[in-house]
Amino acid sequence: MPKEKIKRRSFLNLLLGGGTVAWLASVLFPVFKYMKPPEIPEAVQSQVTACTLAELQSTEQNYKTFKFGRKLGIVVLLPDGSIRAYEATCTHLDCTIQYRPDLNILWCACHNGQYDMTGRNIAGPPPRPLEQWVIHHDKASDNIFVSKEEEA
Amino acid sequence: MNQVNGVGGRLYKWIDERVKIQAFVDYMAHKSVPKHRHSIWYYFGGISLFFFIIQVATGILLLLYYRPGADTAYESVKFIITKVEFGWLIRAIHSWSANLMILAAFIHMFSVYFTKAYRRPRELTWLTGVGLLGLAMFFGFSGYLLPWNELAFFATKVGTGMVGALPFVGDFFLNLMRGSSEVTGATITRFFGWHVAILPALFTVVLTVHLILVQRQGMSEPVDWDAKKPSEKTVMPFFPNFILRDLLLWLIALNVLAILAVFFPYGVGPFHWLLGVKADPFVPPPPVIRPEWYFMFAFQTLKMLPATVMHIEGELIGIFGFGLGGIFWTLVPFFDRKTRHGQKGRLFVIIGLAAVIFILVMTILGYILE
Amino acid sequence: MQRLIPVTAVFVLILGLCFSIISSAQDNCLDCHTDWEDGENSPTQKWTYDIHNQVGLTCADCHGGDPTLDDMDDVRNSKGYRGLPSTAQIPQFCGRCHSDATYMKKFNPALPVDQVAKYITSRHGVLLGTGDDKVATCISCHSAHNTSPASSPMSSVYPLNLPAVCSGCHSDAEYMAEYGIPTDQYEKFASSVHGHALLVNEDIGAPACNDCHGNHGAVPPGVENISAVCGSCHAKVASLFADSPHRAAFEENGFPQCETCHSNHDIIKPLDNMVGTEQNSFCIECHSEDDGNKGFETASVISTLLDSLVRSEQNAIEVIDEAEIKGMEIDDERFALKDVRSSLVESRSLVHSFSLDEIRPELEKGIALADVTRINGLGIIDNYFFRRKGLGISTVIITLLAVIIWIKIRRIERQPRNRA
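Residue numbers (my numbering), protein chains in the order written: chain C, 1 to 152; chain E, 1 to 370; chain B, 1 to 420.
Quick caveat, the hints were computed from the structure, so don't treat them as lab data.
Where hints are given, some of them may not hold.
Partial list, computed: chain C residues near chain E (C-beta under 10 Å) [said to hold, decoys possible]:
#	residue
1	Val21
2	Ala22
3	Trp23
4	Leu24
5	Phe29
6	Val31
7	Met35
8	Pro37
9	Pro38
10	Glu42
11	Arg120
12	Lys148
13	Glu149
The C-beta atom is built at its ideal place from N, Cα and C for all residues, glycine as well.
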């Protein structure tokens, strides 16, 4: 075989090798990216961190809203220092409720809907109670964890 | 192939000393593929195989995040396509490749049918091939439900409901398929089991037999070659010529797949798999319930049959008819005696054409009339 | 055998005694009246489900007389027989028990006992006092003989049923002719935001007639207490209005507070163009460009900012929708849009302060948030197109590889030893 031909052939093989490597990279890149767990590692979340107790204490009205999956939650610091968490969407027309420390109720400003501290609708138009969630305060990290059901 | 030079050569020798690979390579090197104007059809089996490999790879990746169950299936698919990096791509490729695999397999089957490649001694190859297509369609059917969205829910309800129309055994099979009398979370678990365990196992076994048969028997020659002398036959070596061509085609298929997945992640036209809303058994079904395109001809035929034909339920006759047709189609190598003896069997060409026209017309009607 | 005779005799005696005691205590009213009356609307038929029956009261407890007597004429002449009350007598007829706190405690200690006292002050009660017997009394609303508590969906005064009861008289133009008041309230109410919520959505939190007009003391709310009535639900808006300059101005001119802009029975969902200086706005009915105060200008600024928030929200939603259609992750943006929406709701209620200082920060906050969300959305859409660049790169690589393989095939086939 003439030398030139061999040269061209080895160049072609080099290209083939390089192309294969580049191709593998372009396939493996998305695959590895895919396998890396996302920030929120689960599709169906059973627990979230609402905030830290310190953050809650520093609020003016003793409450803070947070995101729980696709829902909005409210975590409330009661006068006796206990913490409670509820779904924060009024059962009447989807306004966001707030905590009123002066009345010790959960209050919806839209139509004066009122809930007591168990989430029961006590006055105004709300037709149903608010869902109350389970909280767990981790003393070490000061985080307030919220979950929907009591762990069995 | 015998030069022992470079790392590759030494590695080859090392392996050959242990597993006697040389005989296999020699066999491959002497194997040849007939070259004629219908050679193009030889590639569709390989393309189907390529899409199957893609299905296995992306399917395994999807398993990392998918969770079967009525409360989690939809959520986890949504999670995959919105939260996981490149998750949208993996799902889009899985969906596209599934459809293209069945399309390629259909083309493969009809090309084999019309070139009469099923004739002796390849009856078993044909049988396993038909089996593979059946399994692939069952794959599609079981996979369609897994995202647990509205469209899939009602399509599965209608699809499994047809089984329930069978006399005597209908209820039994309906329950067997659904895992309960209705399409519920139990159905997902069941379909998931079929989709990721039972079907892959069966498919792998049948596919292995199919491929071994193809390798042992070589590519089928056209019918009119039977009369030719060996010197008149044009062939190309299986390795590397045919394999490289196969590889080239696979790369093109991959390119097409990637482009389709990026530009139409939720499909286009009759190929579509928008996630939409979660399945809810208590809402009325959407105005258009349709199965996947490869079931459309059967779906449309059953829809067009009269309610009763001579006191027998029309749907039942349809299902029965398709059953008989399927059995006939599967056993065609044993019916087509003429071709087996090297003569041209016109009758079976006409039957095949009728089948193709029927499927095309019914599929098109299915999409027009809805 | 002989020993059994006295035992049997005693047994029969006791049985007979029991029977005579039961029969003497029995209520004979229903025996005759059930025979006489038929049809679903007869008092004896309806009585089965009446709350008074269910707590153990009998006919005689209201109508008086001795129910143990067999002869009806004897009953009529017996002690305490009250029979059928005239319309004018009905309030006192019911009030005999319902105004007696001591008596009512036996049945329902939580039930108020002031109904009659309130009724006398109502428009109905006042007219009844003047001898008009066309007006509503207790039984007009509560019915007689199948009375249920207002909390029962079976009751004629359950919120969903009440508007029909009131309109039974108030929508009857002929019946109402002599009073000279409109008869289209029900029609208007049904078309209003409240009527839609109550009658169509069956939201019993929405006000029925009595929630604004009162129950037993029903009167049309006066000009001065409309804001109190509306404010019982719309608390925030009412307090904003009370602190606004409009309060004094409205009082001075005798404008009913909420009603001036929102009307009464046919209150529609408020529109953003109610505020501003455009043709449909209410502001220009009093304010003009050169009336010497800032009203016109304020209205114009509020309207402009409100429009701009609505538009910013709309733009953001469009961008996010587009990103969603492209299959991108937009959860956080949707969440931010909720905040934009609540900012808009808050701004709309803050309009009732009629003070730019109060409204402007909320509106600007909302607009800023909407704009940030829109920009984030655009970034997400950019990312979508970035995917295509990635695809472009991998397509080039794959195509290159394909071309190399093609060349390789050509080369192999040109070599004689591989040729067929």
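Status of the hints after comparison with the structure:
{"no.": "1", "hint": "Val21", "verdict": "15 Å, violated"}
{"no.": "2", "hint": "Ala22", "verdict": "12 Å, violated"}
{"no.": "3", "hint": "Trp23", "verdict": "8 Å, holds"}
{"no.": "4", "hint": "Leu24", "verdict": "12 Å, violated"}
{"no.": "5", "hint": "Phe29", "verdict": "9 Å, holds"}
{"no.": "6", "hint": "Val31", "verdict": "7 Å, holds"}
{"no.": "7", "hint": "Met35", "verdict": "6 Å, holds"}
{"no.": "8", "hint": "Pro37", "verdict": "8 Å, holds"}
{"no.": "9", "hint": "Pro38", "verdict": "5 Å, holds"}
{"no.": "10", "hint": "Glu42", "verdict": "8 Å, holds"}
{"no.": "11", "hint": "Arg120", "verdict": "27 Å, violated"}
{"no.": "12", "hint": "Lys148", "verdict": "12 Å, violated"}
{"no.": "13", "hint": "Glu149", "verdict": "13 Å, violated"}
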